[in-house]
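Undergrad: Since the structure of chain A is already known, use the hints to place chain B on it.
Protein chains: 2
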Amino acid sequence: MVKFNYYTPTEIVFGENSEYEVANLIKVYKGKKVLVHYGGKSALESGLLDRIYEALTANEITYVSLGGVVANPVLSKIEEGITLAKTEKVDFVLAVGGGSVIDSSKAIAVGALSKEPIWSFVGNIDIKKALPVGVVLTIAAAGSEMSSGAVITNDTNDLKRDFGGRALRPVFAILNPELTYTLPTYQTACGVADIIMHTVERYFTNKTSMEITDQISNVLIQTVMRHALVLLDEPTNYESRAEIMWSGSLSHNGLTGARASGGDWACHQMGHELSAKYGVAHGASLTALWPTWARYVSGENKERFKKFAIEVMEVDPSDKTSSEIIDQGILKLEDFFKKLDLPTTLKALDKDINEEDIKDMALKATHNNTFNPGEIKKLHYEDIINIMSKANQ
Amino acid sequence: MVKFNYYTPTEIVFGENSEYEVANLIKVYKGKKVLVHYGGKSALESGLLDRIYEALTANEITYVSLGGVVANPVLSKIEEGITLAKTEKVDFVLAVGGGSVIDSSKAIAVGALSKEPIWSFVGNIDIKKALPVGVVLTIAAAGSEMSSGAVITNDTNDLKRDFGGRALRPVFAILNPELTYTLPTYQTACGVADIIMHTVERYFTNKTSMEITDQISNVLIQTVMRHALVLLDEPTNYESRAEIMWSGSLSHNGLTGARASGGDWACHQMGHELSAKYGVAHGASLTALWPTWARYVSGENKERFKKFAIEVMEVDPSDKTSSEIIDQGILKLEDFFKKLDLPTTLKALDKDINEEDIKDMALKATHNNTFNPGEIKKLHYEDIINIMSKANQ
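Line by line, the protein sequences are chains A and B.
Counting from 1, position 188 in the first sequence corresponds to residue 1565 in the numbering used here; the numbering is continuous, with no gaps.
Counting from 1, position 322 in the second sequence corresponds to residue 1699 in the numbering used here; the numbering is continuous, with no gaps.
Next up, chain A with everything else stripped away, as it sits in the complex (with noise of 0.2 Å):
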């Protein structure tokens, strides 16, 4: 029987010009000094920084900043993070960026009001203080705006690692689709990656469905496909970097995992030792792997796999096997992947992985044989040599 939790706090300002509410949302939830968290430079010369210092100023926030958080969010700049934040005394945390800024944010708002070193903190799902966090999106990706989690990476080690809990939802997100209308094509491709992989690691579940939930995800993530195609060519449509944004961010909330089970999250788990060790984007790292591990589980549950091809890729199944309808279900995911220019195999990370590469990120996305990542297949360490092996051939 479907048995599920569903908690999303997250008060949502969508729309365009939406970042001028951020003063008022701040007041909301009571911050008075500030540390506005950020990326590179495109939030600096797009002139949406300048907007915030001046609503926030405008209405008499005081705020401290701290920019540099560069993609799969490193260690050494939330410490920095956190030693300002208490050093400022900051309340509220705002991150003006995508998920990478997002969950370094969240880093430094669990960080502020503990004496733990924050890397003691990985691993914990149920963490239960921190500073509020409010979120100006720059990039539909992540869906880390409204979700209860993070990643970080340890600069010192290249372990790249999650941590969560029910403190670490923001408290708003300002979503304008217009922010996202300047990013470079591969970084939404890997925006998009990222959105649909968040539906589909939640539909590839052993356990008991809900019809409701699946007919949501299996929209989603065709919505996010067709919109996500018209934006190589009109990457200024406002229709769909809209369709896109607020999809991202529903596709992590919450509502695609109103089932039974968390789904399988294999791809993350291993696509995060991809990004570890090598700097991929996240989105590239989960297009590498998801056919190859699409592939080699899908035995383990043939209707799900078939369901879907026909649901969610809208395989016709007449006149095949089940066989030929599942693998046309994946074939289908990738040759999306590839319409957007994205990596569908290790090899084309052009990274020059060899097999002491791959036995190590394996000994890694096992926690050193301690772990295994996956439901619809749990997934040893051998495993995981073989599915890397494979798609880097």
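Since the hints were derived computationally from the structure, they do not count as laboratory data.
There may be inaccurate statements among the hints.
The list treats identical chains as interchangeable, and a pair is accepted whether it falls inside one copy or across any two copies.
Listed next, the in silico SDA-like pairs over lysine to any residue satisfying Cα-Cα at most 25 Å (straight line) [claimed, not checked]:
#, residue 1, residue 2
1, Lys1736, Gly1444
2, Lys1584, Thr1613
3, Lys1407, Ser1491
4, Lys1407, Arg1543
5, Lys1584, Gly1631
6, Lys1404, Lys1506
7, Lys1380, Ala1435
8, Lys1380, Glu1398
9, Lys1380, Asp1427
10, Lys1380, Glu1431
11, Lys1728, Leu1708
12, Lys1716, Glu1393
13, Lys1407, Gly1542
14, Lys1380, Glu1393
15, Lys1728, Phe1381
16, Lys1584, Asn1614
17, Lys1492, Asp1468
18, Lys1409, Leu1536
19, Lys1380, Val1405
20, Lys1684, Asp1591
TA: Then chain B, alone, in the frame of chain A:
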């Protein structure tokens, strides 16, 4: 361009036996003295209230009880609850029931923190102060367990009016589909109608929609329709009860309103007058009006009605004129209501409604000619008389 706000903080615990979580949840939201508010005998006789009282006692949460909430909850009972809440200094209101009990609880929660009479809040949709409300849901229908609104009836003058605000979103809702097994068929059907209409009324807008929101609306309506028919033969089918229960919450928590507008609530507003005057169940008041309303206004936005027919009601458009497509879409939903034995005209309500009654209701629904319900077509006094008279033939 699409702009919207979305705020759905209610924590959901979904599944069998979930009512045993009630004390833990009240503690999360810092309740120490609870007003347990409920309707009639069923909550008592089923043993549900006893299970709740036991859980509260075991967790050292004190409580007082107030039962007797009727369908279309009345002001006099709410005033009784406010007095009790103030006298007993309760800090939490627990609604054990459906929409009427929840709305009555919300009103008590507002009144308990105010010196103003509760009826003075009618029409206010920005209420910011109320005691926290938790819900143990016993009928899938109103969606009030995740919504910001409440509707109450003044039993001194038969006015049924709404109010709302962020403070009125319940802090948690416990959804155990098994608690709805024993509902009478007619009540289940009325609930189904209410759920569908929450999505349908948001769907009918003249403003810009979003594809993802339309698609989610489609699958919500279709899933509820499919499982409502299953329940006609199998009222204790867990899966179907679960699909309808979760869809009921999603249909009214804001998800289906994530587009540029609030939709067309004319049927809800006209229906409230039927309920207030004749005690008609809320769901039945909607189905008695909707087909006539739809035919009366469909010319104002043919594109939207055509889309509804093709995408939601799955009318095959080939070899049909636009009018034929629109007519068949309306007919299909009307036929579905008939299959559930719901009235699809005023006449079918068997209340001997005459011309004077209709004029009285039209006057009330337009707040004495100061308010025009609807968006597809703003309804004036004469429009409401026309619609109700046609529906009464």
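Undergrad: Compare the structure with each hint and give your call.
TA: These are the hints, each one checked on the structure:
Taking the shortest alpha-carbon separations for lysine 1736 and glycine 1444, neither the intra-copy value of 35 Å nor the inter-copy value of 65 Å comes in at or below 25 Å. Taking the shortest alpha-carbon separations for lysine 1584 and threonine 1613, only the inter-copy value of 21 Å comes in at or below 25 Å, while the best intra-copy value is 40 Å. Proximity of lysine 1407 to serine 1491 under the C-alpha cut-off of 25 Å is found in both arrangements, the shortest distances being 20 Å within a copy and 23 Å between copies. Proximity of lysine 1407 and arginine 1543 under a CA criterion of 25 Å is satisfied in both settings, with 18 Å inside one chain copy and 16 Å between copies.
Proximity of lysine 1584 to glycine 1631 under the C-alpha cut-off of 25 Å is restricted to the intra-copy arrangement: shortest distance 16 Å within a copy versus 28 Å between copies. Both within a single protomer and between protomers do lysine 1404 and lysine 1506 lie at most 25 Å apart by alpha-carbon distance, with minima of 20 Å and 16 Å respectively. In this assembly of identical chains, the alpha carbons of lysine 1380 and alanine 1435 lie at most 25 Å apart only when taken from different copies (24 Å versus 47 Å within one copy). Taking the shortest alpha-carbon separations for lysine 1380 and glutamate 1398, only the inter-copy value of 13 Å comes in at or below 25 Å, while the best intra-copy value is 37 Å.
With identical chains, the CA atoms of lysine 1380 and aspartate 1427 are at most 25 Å apart between copies only, with a shortest distance of 23 Å across copies and 46 Å within one. Proximity of lysine 1380 and glutamate 1431 under a CA criterion of 25 Å is satisfied inter-copy only: 23 Å between copies versus 46 Å inside one chain copy. Only within a single protomer do lysine 1728 and leucine 1708 lie at most 25 Å apart by alpha-carbon distance; the minimum there is 24 Å, versus 60 Å between protomers. Neither within a single protomer nor between protomers do lysine 1716 and glutamate 1393 lie at most 25 Å apart by alpha-carbon distance, with minima of 29 Å and 44 Å respectively.
For the homomeric pair lysine 1407 and glycine 1542, the shortest alpha-carbon distances inside one copy (21 Å) and between copies (19 Å) are both at most 25 Å. Taking the shortest Cα distances, lysine 1380 and glutamate 1393 sit within 25 Å of each other only across copies (7 Å), while inside one copy they are farther apart (38 Å). Taking identical chains as interchangeable, the C-alpha atoms of lysine 1728 and phenylalanine 1381 are never at most 25 Å apart, the minima being 40 Å within one chain and 43 Å between chains. Taking the shortest Cα distances, lysine 1584 and asparagine 1614 sit within 25 Å of each other only across copies (18 Å), while inside one copy they are farther apart (39 Å).
Proximity of lysine 1492 to aspartate 1468 under the C-alpha cut-off of 25 Å is restricted to the intra-copy arrangement: shortest distance 16 Å within a copy versus 34 Å between copies. For the identical chains of this complex, lysine 1409 and leucine 1536 are neighbours neither inside a copy (35 Å) nor across copies (44 Å), given an alpha-carbon limit of 25 Å. Proximity of lysine 1380 and valine 1405 under a CA criterion of 25 Å is satisfied inter-copy only: 20 Å between copies versus 33 Å inside one chain copy. When the C-alpha separation of lysine 1684 and aspartate 1591 is checked against a cutoff of 25 Å, the pair qualifies both within a copy, at 10 Å, and between copies, at 23 Å.
Taken one by one, the earlier hints fail for this structure at numbers 1, 12, 15 and 18, listed in ascending order.
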